[in-house]
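Visitor: Single-letter residue listing:
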Amino acid sequence: MAHIRADGVSVDFPLYHGSARSLKKTVLAAASGRLGEDKRQRMVVQALRGIDFDLRSGDRLGLVGTNGSGKTTLLRTIAGIYEPTVGRIRVEGSLNALLDPQLGMNPELTGRENIMLRGLYNGFSPGQVRATEHDVQEFAELGEFLDLPVRFYSTGMVVRLAFGLATCIRPQVLLMDEWFLAGDANFLAKARVRLESVVRGAEILVLSSHQTAAVLEWCTRVMWLDHGRIVMDGPAERVMDAYLSGTAPSAAQLAEAAMTPAETPVGENVAAGAA
Amino acid sequence: MEYRPHVMDAITELPLPRLHTATLDIGSEVTRHQRDRLALADLVEGFRLWRLGATLGWLDIKLKYRGSLLGPFWLTISTGVMVAAMGGLYSVLFHMDLHTYLPFLALSLVLWNALGGLVGDACTTFTQSEGTIRSLRMPFFVHAVRVVVRTVISFLHNVPVLIAVFAIFSVWPGAVAALSLPGLMLWVADAFAACVLLGGFCARFRDIPPIVGSVMQIAFFVTPIVWRPEQLGPRGWWLPWNPFDALLEVVRAPLLGHAASLQVWSLATIYSVVFCAVAWVFFTKVRTRIAYWM
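Going down the list, the protein sequences come from chains W and X. Our numbering applies: residue 1108 is where the first sequence begins, and numbers increase by one. Our numbering applies: residue 943 is where the second sequence begins, and numbers increase by one.
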């Protein structure tokens, strides 16, 4: 049984802008006794603020919000890439995060080598790696190109390979960034069937997207994020209606939607987030 | 966005591998004990995924030389040329007998190539894998394995130069050479420590790699590599303070046919233990921050 639970999760990104990132500046600051002050004054991006939620098997959560609202950061936090600055996150079940289309794709390596690497990234045994190779090869229809470096591939071939690689495993918890559903002319019907099979095989789906249609189609629950905080969290249609009309819900609506009320974003927050 | 549900039946039978079920539990408030345990889990998991680290390291070498005629054997040739050129020059400058000097020089240079190369490479342990670190939770030790494997492969390509030099001058160390193995094990431990320490430091402070480069340049000249420690005589009292000297000697001495002294062994062990301990403490403290530094 897959389960995700987030308790008051906050993520701060320190801003190491320009010279602040250098050793020289730190040493000079330490030498002049200003390191503590420097530390307190350190600019942070508050990418996520007090996020609470609980997802169980069968839940399909959509994340919506403007660029920089914290959607991708939240996906990365669930994936265990960013460990929360405050709070706690617990994920039970095997997890696959489809965040970066380039992951495991080195254009200098051949298609076969890329498939092997992807299998190894997933911790597969040599037997499983071979099965993956067969599976992706079948799907991507690369033929003889499989043993050529990926940079010689046509755009369509690269898309097919990247997609085949990303969908070659079946996790219990599937995290997806919007690029994955991007309405692409190259997106084959076959790819859609394959993606659906993986999504349906997953017990929990968390999808970050700007596309209303995609969210409404795939998700049963939607969380609206703004400046790293939850604005609204509830049944998909209700939250999408509020989100699209741009009206923050009233207290009555909040109670009706039975969700965690979020505090209003504080103006001084630098909430640019890594979207 | 329409789909045909009846097509699904065929698809669900695909033999797609499943991932192992795992539980991830991360909180911001951890005790020191938990932090150590998590860092240890990273190390153990990183080595459990050795296939991945080794493949990445091997592909790095393969890519670097893909399309070149001799591939990584260019390394062998360049080391061979360097040994021959420096051997000819310095044996004259130092008035040394080529028969004893050249094997010493060849061995020292090959060992230093590995050590210096690793230190330089260790700086990019994490920054090199920025894309992976930002899109996938993965033990950080996988990246260290990658760097170490890469160094070992380069090192092995230099071994033919050693064999050639030893054969030409017909000097064979004999059975005592096996004593270099414990020394090499110290090196491997230090190599992993260097990867997490320098890799983490260089991810946080991007101006460290040039500093490391300068330090290693100086270290090359103050360590007995092209010159022999005996040439310094009593003025070499500071040599034990040079960690590179002891580390080099524990591996080099047995390969030249005599065991390293107890003093050299103790120094090499002490330096390694301290270095690994510092690296470990550093790693337990910064492990959760590395992803934020990318």
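Simulated from the structure, these hints should not be mistaken for laboratory data. Incorrect hints may have been included.
Only pairs whose alpha carbons sit at most 25 Å apart, straight line, appear in this in silico SDA-like list of lysine to any residue [unchecked claim]: (1) X:K1004 with W:H1241; (2) X:K1004 with W:R1258; (3) X:K1004 with W:M1212; (4) X:K1006 with W:L1253; (5) X:K1227 with W:P1121; (6) X:K1227 with W:V1152; (7) W:K1297 with W:L1351; (8) X:K1006 with W:P1121; (9) X:K1006 with W:V1257; (10) X:K1227 with X:G1062; (11) X:K1227 with X:D1149; (12) X:K1227 with X:K1006.
Quick list of the computed label-pair ranges, beta carbon to beta carbon [as the list claims (entries may be wrong)]: (13) X:D1149 with W:H1317: 33 to 43 Å; (14) X:G1178 with W:R1219: 51 to 61 Å; (15) X:T965 with W:E1245: 27 to 37 Å.
Since this is a predicted model, take the numbers as computed values, not measurements. Just so you know, even glycine gets a beta-carbon here, dropped at the ideal spot from N, CA and C.
Visitor: Between K1004 (chain X) and R1258 (chain W), does the CA-CA distance stay at or below 25 Å?
Guide: holds, 16 Å
Visitor: Assess, step by step, whether the Cα of K1227 (chain X) is no farther than 25 Å from the Cα of D1149 (chain X), and give holds or violated.
Guide: Between K1227 (chain X) and D1149 (chain X) the Cα gap is close to 21 Å, so the pair holds against 25 Å.
Visitor: Is the straight-line distance between the alpha-carbon of K1004 (chain X) and that of M1212 (chain W) 25 Å or less?
Guide: It holds: about 16 Å lies between the C-alpha atoms, which stays within 25 Å.
Visitor: Assess, step by step, whether the Cα of K1227 (chain X) is no farther than 25 Å from the Cα of K1006 (chain X), and give holds or violated.
Guide: It is violated: about 34 Å lies between the C-alpha atoms, which goes past 25 Å.
Visitor: Just to be careful, I want the Cα atoms of K1006 (chain X) and L1253 (chain W) compared with a cutoff of 25 Å; is the pair within it?
Guide: holds, 20 Å
Visitor: Is the Cα-Cα distance between K1004 (chain X) and H1241 (chain W) 25 Å or less?
Guide: holds, 24 Å
Visitor: Assuming the hint says 27 to 37 Å, is it satisfied by the Cβ distance from T965 (chain X) to E1245 (chain W) or not?
Guide: holds, 33 Å
Visitor: Taking only the CA atoms, is the gap from K1227 (chain X) to V1152 (chain W) under or equal to 25 Å?
Guide: Holds - the C-alpha atoms of V1152 (chain W) and K1227 (chain X) are around 22 Å apart, at most 25 Å.
Visitor: Are G1178 (chain X) and R1219 (chain W) spaced within 51 to 61 Å by their CB atoms?
Guide: About 55 Å separates the Cβ atoms of G1178 (chain X) and R1219 (chain W), which means 51 to 61 Å holds.
Visitor: Assess, step by step, whether the Cα of K1006 (chain X) is no farther than 25 Å from the Cα of P1121 (chain W), and give holds or violated.
Guide: violated, 35 Å
Visitor: Tell me if the straight-line CA distance from K1297 (chain W) to L1351 (chain W) falls inside 25 Å.
Guide: It is violated: about 31 Å lies between the C-alpha atoms, which goes past 25 Å.
Visitor: Against the range 33 to 43 Å, how does the distance between the Cβ atoms of D1149 (chain X) and H1317 (chain W) compare: consistent or not?
Guide: holds, 38 Å
Of the numbered hints stated above, those contradicted by the structure are hints 7, 8 and 12, listed in ascending order.
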